[in-house]
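Residue numbers (my numbering), protein chains in the order written: chain C, 209 to 879; chain A, 209 to 879; chain Z, 209 to 879.
It is possible that some hints are incorrect.
Selected chain A positions facing chain C (Cβ under 7 Å, derived; list incomplete) [stated by the list, open to error]:
no., residue
1, Arg400
2, Phe404
3, Thr412
4, His416
5, Gln421
6, Tyr481
7, Gln482
8, Phe485
9, Asp486
10, Gly705
11, Gly715
12, Glu719
13, Ala725
14, Gly727
Here are some, though not all, of the chain A residues that point toward chain C, as calculated from beta-carbon distances under 8 Å [said to hold, decoys possible]:
no., residue
15, Gln399
16, Ala420
17, Ala624
Read the hints as simulated data drawn from the structure, not as lab findings.
The beta-carbon is built from N, C-alpha and C at its ideal position, and this holds for glycine as well.
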Amino acid sequence: MTADTGRIHFGGDYNPDHWPEEVWAEDIRLMKEAGVSMVTAGIFSWARVEPRPGAWDFGWFDRVMDNLGDAGIRVCLATMTASPPPWLSELHPEILPQTAEGVRKWPGSRQHYCPSSPVYREHAVRLVEQLAIRYADHPALDTWHIGNEYGCSNPVCHCDVSAADFRRWLRERYGTVGGLNTAWATTFWSQRYDTFEQILPPRTTPTHPNPAQVLDYARFSDDALLQCYLAEKEVLRRVTPGLPITTNHMPHHKPVDPYAWAPHEDVQSLDFYQEPFDSETHLEAGAAFDVTRSAGAGRPWMLMEQAPSAVNWRARNSPKPAGKMRLWSWQAVAQGADAVLYFQWRQSLGGAEKFHSAMVPHGGTGTRVFREVCELGRELGSVPQLAGTRPAPQVALVIDWNSWWALEQSSHPSSALSQKETLLRHYKPLFEAGVPCDVVPPDRDLTAYKLVVVPNLYLMSEATGAALTAYVRGGGHLLVSYFTGISDECDRVHPGGYPAPLREVLGLRVEEFWPLAEGQRLALRGALDEGPGDEFGGGDLWSEAIDLEGAAAVAEFDDGELAGRPAVTRHAYGDGVAWYAGTRLDAMTTRALMDRVREDADAAPVVDGLPEGVQATVREGAGGRFLFLLNHGEVAARIVLPAPGRDLLGDPAEEITSLTLPARGVAVVRH
Amino acid sequence: MTADTGRIHFGGDYNPDHWPEEVWAEDIRLMKEAGVSMVTAGIFSWARVEPRPGAWDFGWFDRVMDNLGDAGIRVCLATMTASPPPWLSELHPEILPQTAEGVRKWPGSRQHYCPSSPVYREHAVRLVEQLAIRYADHPALDTWHIGNEYGCSNPVCHCDVSAADFRRWLRERYGTVGGLNTAWATTFWSQRYDTFEQILPPRTTPTHPNPAQVLDYARFSDDALLQCYLAEKEVLRRVTPGLPITTNHMPHHKPVDPYAWAPHEDVQSLDFYQEPFDSETHLEAGAAFDVTRSAGAGRPWMLMEQAPSAVNWRARNSPKPAGKMRLWSWQAVAQGADAVLYFQWRQSLGGAEKFHSAMVPHGGTGTRVFREVCELGRELGSVPQLAGTRPAPQVALVIDWNSWWALEQSSHPSSALSQKETLLRHYKPLFEAGVPCDVVPPDRDLTAYKLVVVPNLYLMSEATGAALTAYVRGGGHLLVSYFTGISDECDRVHPGGYPAPLREVLGLRVEEFWPLAEGQRLALRGALDEGPGDEFGGGDLWSEAIDLEGAAAVAEFDDGELAGRPAVTRHAYGDGVAWYAGTRLDAMTTRALMDRVREDADAAPVVDGLPEGVQATVREGAGGRFLFLLNHGEVAARIVLPAPGRDLLGDPAEEITSLTLPARGVAVVRH
Amino acid sequence: MTADTGRIHFGGDYNPDHWPEEVWAEDIRLMKEAGVSMVTAGIFSWARVEPRPGAWDFGWFDRVMDNLGDAGIRVCLATMTASPPPWLSELHPEILPQTAEGVRKWPGSRQHYCPSSPVYREHAVRLVEQLAIRYADHPALDTWHIGNEYGCSNPVCHCDVSAADFRRWLRERYGTVGGLNTAWATTFWSQRYDTFEQILPPRTTPTHPNPAQVLDYARFSDDALLQCYLAEKEVLRRVTPGLPITTNHMPHHKPVDPYAWAPHEDVQSLDFYQEPFDSETHLEAGAAFDVTRSAGAGRPWMLMEQAPSAVNWRARNSPKPAGKMRLWSWQAVAQGADAVLYFQWRQSLGGAEKFHSAMVPHGGTGTRVFREVCELGRELGSVPQLAGTRPAPQVALVIDWNSWWALEQSSHPSSALSQKETLLRHYKPLFEAGVPCDVVPPDRDLTAYKLVVVPNLYLMSEATGAALTAYVRGGGHLLVSYFTGISDECDRVHPGGYPAPLREVLGLRVEEFWPLAEGQRLALRGALDEGPGDEFGGGDLWSEAIDLEGAAAVAEFDDGELAGRPAVTRHAYGDGVAWYAGTRLDAMTTRALMDRVREDADAAPVVDGLPEGVQATVREGAGGRFLFLLNHGEVAARIVLPAPGRDLLGDPAEEITSLTLPARGVAVVRH
């Protein structure tokens with residue numbers, strides 16, 4: 209998919225090999241009925257196109273491509289390497305991944321390969337070359353889709369092949385074993401290595417492993433997956449230099465850092481499976497969409513997979529209630545997607561995902577799901593002017609996969625901290641207020657943002673500390689929450705008192721961490737302003753003994769050992785302001801604080817006074833400026849527009865100044 | 209034990225090798241005092257009779273057999289192969305079973321053998337031949353007891369020996385690898401096999417395994433155990449052609465299909481260990497007893513093991529309160545058993561079951577347990593006329609181990625469905641109403657039953673669908689519950705809309721499955737009739753979007769996304785009626801529905817108006833017709849008899865028309 | 209540390225190798241400021257002093273020793289063998305321990321060695337010899353500290369090296385395989401061994417393992433660790449014959465029996481990490497301190513490790529609130545410690561324990577923790593007269609690691625019994641009443657005690673039974689609780705009715721065990737005397753059917769199947785009295801019973817009428833008689849002294865007869 213594709217694409221994973229060829233014609237007919245403009249094909253076809261080593265069988269796939277091409281449907285063509293065929297692990301059992309306990313992962317599901325395996329990579333590259341040459345000039349080919357959900361089922365491997373590759377990676381990173389010993393603090397517990405050859409993956413150990421080893425293994429494992437991707441990309445770039453390349457990431461997927469991969473992708477892709485039983489699933493989706501768009505520097509992106517209705521891999525799997533498929537698909541568009549695809553086109557009769565919903569269900573076309581698919585296909589086909597427009601948020605949240613890997617280790621003050629939870633806790637009050645945001649890594653240029661929020665960024669380089677300090681000094685507004693800026697890139701505590709890289713900008717020192725027991729809650733005292741409802745509530749999970757060094761206490765702890773000491777602070781610094789929260793504030797208090805910080809920073813909502821449950825975003829570009837309104841709640845909501853406009857999904861002839869969104873309703877207002 | 213043994217046998221597992229020989233004489237004396245008529249001997253004697261390879265030591269066992277024979281006690285003689293001696297796995301470590309993770313199961317407890325192991329089978333057969341020849345003509349020998357609790361501790365093995373045996377089994381089942389690829393839907397996730405040699409057991413995989421592979425591995429693993437049994441049986445049949453052969457099954461034991469084994473057994477045997485802490489343990493026992501009897505086509509069966517009081521292998525083990533051993537033993541007889549045996553005769557001082565109760569406890573004969581044993585022994589010895597009589601139920605529940613194996617997999621709409629739970633939920637209202645039933649596999653001839661109940665039979669062949677349809681058309685009454693008839697023998701969804709094989713007879717289509725969240729409950733609207741207490745309550749766990757195609761809605765969902773759509777339906781079809789429940793009804797509603805369905809079907813209780821907690825069954829035959837009444841409750845209950853009779857356990861001289869059963873009381877009324 | 213060291217030592221683990229040498233001078237300066245008199249050094253320095261095999265690098269450590277010696281700080285010198293360097297397991301991977309499942313424990317944390325490994329022991333001994341010779345005459349060297357926390361992370365290993373060592377150990381224990389077969393009751397489940405070579409560790413088994421095998425493996429595993437210790441001790445005794453030797457035990461550490469090790473230690477050492485979130489952590493500490501002192505026959509002991517504030521290895525780690533470090537340190541002294549040390553001196557910046565508090569925190573000297581350290585250092589330096597004095601309790605609790613290993617197995621009447629829980633339940637009412645006690649193994653001479661309490665001592669030799677019987681006959685008072693005296697040293701049930709070895713002294717027989725369900729509670733009837741508040745409450749977890757044979761029922765069960773049968777009994781026997789509790793009494797009832805039993809036995813508190821939360825102990829000796837009062841509660845408490853005295857920590861000039869202890873306060877009154 210190019211940056212300006214001329215429409216919002218609609219379609220799904222297409223696996224015709226599950227069906228006899230006589231079904232294929234009906235597939236094309238129904239795709240047209242449903243408004244499908246793009247499919248992803250071939251993801252798990254390796255065993256079919258190469259049934260034994262080097263024996264290629266592409267004839268059937270030629271017909272699939274031709275059928276799609278004839279119908280004008282664009283193909284996002286998978287490289288077919290997502291899961292190796294049985295013969296490969298039969299010939300080379302050493303490609304099977306191993307757990308930290310030494311348990312081998314066997315064939316029989318998917319992705320049973322060690323990411324470091326040269327055997328796997330070599331066979332994958334050989335296949336990709338065949339594929340690229342064969343379809344380089346096929347008119348239906350639109351985009352390359354390398355692999356599939358990298359690291360979903362094989363995120364990390366502890367086998368001897370991985371061990372050797374890890375040592376290579378460490379040699380490149382540290383040069384000498386002395387450098388590694390310093391970085392890993394191996395003096396502790398007599399872990400000093402004398403040669404690189406002595407180093408192993410963090411396999412099962414008698415007690416807490418070395419945190420820096422664990423952190424580096426997470427980095428290495430992510431990189432091993434990336435090397436698989438890059439090996440295939442090299443072939444594709446060589447054979448089909450002009451075609452865009454992508455791979456579909458999984459949302460909030462700890463093993464794979466989307467920001468590290470982004471420079472190697474022409475377009476970002478994401479799979480997101482909303483959980484209908486979770487009333488806040490749209491918040492989690494929203495954050496994942498913003499990560500994806502931000503990784504791609506704002507470029508239009510692809511929602512590569514979602515379910516038309518139920519999935520089958522959770523413990524209990526609800527269908528999507530009527531209207532939710534539409535609502536959640538529009539949410540992706542509202543946050544910058546130019547393609548809305550599904551897994552999968554036609555529901556399988558056999559295999560491990562036969563109960564995963566599809567655009568054409570087991571029950572056929574006379575079903576609610578197929579009817580909703582067709583309606584949405586029509587709708588998305590009617591708004592080509594949206595394509596290529598982009599959101600432009602004024603607020604950024606900062607997340608760092610390196611910090612995530614370091615934070616959630618077992619030898620910490622509290623093992624109850626969760627990077628994803630804290631991200632969502634800070635994301636929610638912005639989302640609910642109608643304040644779109646980017647979610648960026650710490651090395652991004654932040655100067656354009658009015659407000660930067662840094663939730664629990666445990667690992668922070670001195671450079672990041674300096675950048676945040678400079679940002680505030682230059683007039684930026686910064687909100688930082690607890691246990692941030694503690695350790696360096698090697699997970700060694702920054703000397704100089706917590707949080708050393710931020711002490712100056714925050715105007716305080718943290719003397720001691722004071723994690724709380726499960727269920728323990730500390731009351732707070734102090735108010736943000738005098739209005740009702742702005743009183744501080746409480747904090748849980750974590751607290752800290754804070755000494756002020758320039759900052760002012762906005763709220764204090766009201767009970768416990770820290771009673772009377774600061775809990776939330778504000779520090780006017782340079783031309784900006786830096787806020788700090790030393791505990792996990794409850795949801796209402798987080799919202800109150802965020803509103804106050806936002807007002808200070810002049811970071812306004814796209815719609816004022818947004819009713820509960822309604823999301824508001826803006827996309828703009830050559831095609832115009834569009835306000836998206838989505839009602840995630842279960843009651844209708846009335847919204848006064850910031851300016852008159854026309855609802856593209858309603859009656860585009862009528863100019864309106866307000867509108868009523870039914871439950872699960874969507875409007876796209878062009879100003 | 210033959211079909212007509214002339215008495216209800218009483219006794220237990222006899223392990224004299226645990227004791228010095230001077231205790232043996234006391235054993236015989238106490239057995240007589242307790243009324244013991246049969247013992248099971250030699251179950252774990254392999255290491256004693258063959259202390260090293262081929263060195264036989266049967267002398268001590270000759271004396272055991274002679275002692276029993278002299279006392280007129282019948283011997284159910286175990287083949288001693290239940291657990292191999294340490295020398296066998298020392299010589300052949302490859303016989304040790306392995307888990308899916310590759311963890312070997314070591315000696316030190318019992319049953320540490322791979323069921324596919326030719327080494328194990330060869331040594332077992334050699335031992336059985338010695339044993340059969342030696343005791344073929346011993347007067348005490350009554351019945352052969354092959355192995356013991358097959359698959360209790362080694363139900364499935366994933367080692368390389370098993371893998372090779374699995375491939376042999378698959379070759380025999382599918383003929384060609386192409387046939388297997390179709391059956392297993394291996395196109396999915398690039399799993400296509402090119403040769404049988406590539407196939408492995410479902411060992412640990414990166415994610416959800418192939419469901420058909422898992423299903424076939426369950427079938428294969430059951431068959432591997434059966435082959436062990438058959439290898440021994442072949443020897444016994446050859447050496448002692450006239451003697452009955454059995455093996456003791458475990459209740460509701462998912463790995464072993466009792467219906468598949470039944471054709472190879474002369475008499476059915478069951479071990480059942482009631483859980484005194486569970487107030488519904490008698491319901492679970494009842495269902496297991498009915499499975500056992502039904503597997504044997506109604507023949508008298510043996511309760512081979514139960515505990516005289518406490519067991520020792522649960523987390524917390526209650527003794528059986530006074531009277532419960534008697535009550536629960538009589539329950540087996542009431543449901544068709546002609547033998548009531550225990551594990552074990554004399555309580556061990558050492559080993560892993562030293563705290564398992566025995567007929568002669570650690571405390572000796574001056575104990576409550578021994579007193580209750582003697583009383584029951586006397587009582588069972590006094591009713592020879594019961595022997596050989598049989599129950600003759602009018603209702604059948606259908607269960608299928610194949611469906612069980614397929615149902616409880618992880619990639620389903622809901623992983624919370626349980627075959628055993630749904631069986632008991634439908635069994636309970638029949639049991640409590642005093643309506644005895646058979647529990648049969650789907651390929652049984654059902655025409656003789658007035659009512660057939662099919663709870664959640666997920667996997668169903670087209671033949672079964674046709675048979676159930678014909679059954680109703682011919683006048684039968686059928687009650688089917690949710691998620692039934694979905695997949696075929698290879699666990700592929702039947703095309704044609706759910707549940708394709710039953711759509712005609714049920715008069716409906718299921719458009720979508722709608723599993724419910726944990727704790728979620730949907731109210732129902734509609735009534736079965738106008739009486740109080742018959743209002744529908746609610747459903748949980750599961751719901752379905754049902755379209756009527758001839759059936760009438762008896763109840764509808766009253767809230768949620770399916771509000772207003774049918775929840776329970778009734779379809780007059782041919783000369784019969786087919787009912788369907790699209791949700792899991794709560795206990796009261798299930799009872800109300802079952803009562804209504806039963807009345808429709810004219811399937812009457814053996815006693816009308818049975819008080820709560822009282823079980824009623826009938827056995828009849830040459831010896832007469834006997835009504836069994838058992839009070840499982842904790843308060844006395846008054847019962848009006850359907851006809852005058854005499855209580856064999858009370859004053860047989862007095863003819864009564866009603867009686868009061870004390871708590872835990874039993875009556876056997878001869879009409 | 210010798211028995212009379214002239215002061216209460218104060219200090220901590222010193223790891224200067226974590227820091228550049230320029231920090232070392234500051235270390236010495238701050239140690240003096242903090243009143244440090246002793247440090248433990250070198251614990252994890254193996255990889256630093258022997259960076260490759262045989263390449264010794266002690267120069268840096270010479271300077272550490274000299275610095276300390278120059279400052280007059282005594283060194284408890286570790287043998288540096290706690291954790292082997294990476295090169296050792298690289299050269300000899302067979303030293304890596306294995307779990308019962310066969311999972312290898314890899315390097316990367318600590319203690320990754322099989323305790324039976326001759327390779328590990330040989331390399332350890334070689335290092336110790338170097339160390340002993342080098343520092344034999346160093347003036348700072350005070351005490352040898354062998355290894356560290358033996359068995360903390362590698363308590364048991366199941367590898368082939370361990371298996372061979374186990375067979376050697378069994379040969380020595382049983383002589384013949386016939387003897388072992390009898391001891392292990394291997395007739396059960398066909399486990400009879402024909403040769404020792406067939407025996408394996410209790411690795412993963414198909415079901416419950418042989419209990420005697422499990423018990424012996426616990427004994428063997430403890431002994432394997434002890435052999436590591438003894439191998440090093442042999443070198444030290446030879447090279448430095450006059451120096452005291454210790455090793456630091458972990459509290460209530462099931463794998464290591466402190467009583468079995470005690471004969472080989474010159475001074476006892478303990479690590480204890482209070483859990484600030486647990487309001488009864490001081491009770492657990494108290495019991496551990498009493499075990500430690502009792503193991504050393506009352507000698508002054510060392511609290512080798514505790515945390516200055518938070519630890520980092522629990523799920524959530526609270527700092528110690530203000531004053532708690534002082535309170536809990538004084539508690540060790542009150543219970544006989546002459547050294548109060550911490551892990552560690554200076555908080556690490558890297559590694560797995562960087563968030564473990566230290567005497568010099570990350571925040572430096574301007575912190576609450578460092579201030580409290582300095583205050584306590586001063587205080588402990590001011591009371592030299594306490595050194596060498598000892599407690600002299602009148603009450604003993606009996607615990608036996610052998611019984612612990614046997615009790616908590618899976619094949620028992622209830623798996624919910626816990627040796628530690630029952631110890632603490634009986635310890636608490638004595639602690640709270642101000643009655644100090646010893647905690648001793650069953651083979652101790654008990655005659656000097658006024659009262660002996662035996663909680664749930666499941667495994668009991670006949671000799672112990674006879675000794676307890678003789679103790680009561682001779683005038684002793686004995687309180688025994690449920691499920692005691694059941695099995696012999698080989699975990700075989702004592703024949704003769706439960707509890708055979710104690711039936712005579714207790715005057716009763718237990719007919720049946722009656723474990724209770726989770727949450728089940730039985731009411732009791734009967735009173736200990738007529739005062740209010742002394743009514744019996746209830747029992748849970750366990751009950752027993754007791755027949756009186758001379759004893760009198762003090763309380764009976766008031767509901768359940770045992771209603772009306774004795775629950776608590778009293779038996780006047782010889783010149784003494786034996787009490788028995790057949791259920792787990794609730795906390796208030798346990799206290800009431802213990803008070804009554806204690807009064808009977810004339811075992812008085814050291815202070816009468818102790819307020820809630822206050823601990824009272826006495827130490828006496830050449831230096832005088834000292835009453836310790838510690839307020840573990842959160843409110844001030846007034847205490848009337850048993851005799852006038854002077855508070856060493858208050859104004860020693862003033863003679864007082866009562867005092868008010870603030871929350872978390874401490875007083876040491878010299879009479």
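Tested hints:
no. : hint   : verdict
1   : Arg400 : holds (4 Å)
2   : Phe404 : violated (11 Å)
3   : Thr412 : holds (6 Å)
4   : His416 : holds (4 Å)
5   : Gln421 : holds (6 Å)
6   : Tyr481 : violated (30 Å)
7   : Gln482 : violated (31 Å)
8   : Phe485 : violated (27 Å)
9   : Asp486 : violated (25 Å)
10  : Gly705 : holds (5 Å)
11  : Gly715 : violated (17 Å)
12  : Glu719 : holds (5 Å)
13  : Ala725 : holds (5 Å)
14  : Gly727 : violated (11 Å)
15  : Gln399 : holds (7 Å)
16  : Ala420 : holds (7 Å)
17  : Ala624 : holds (6 Å)
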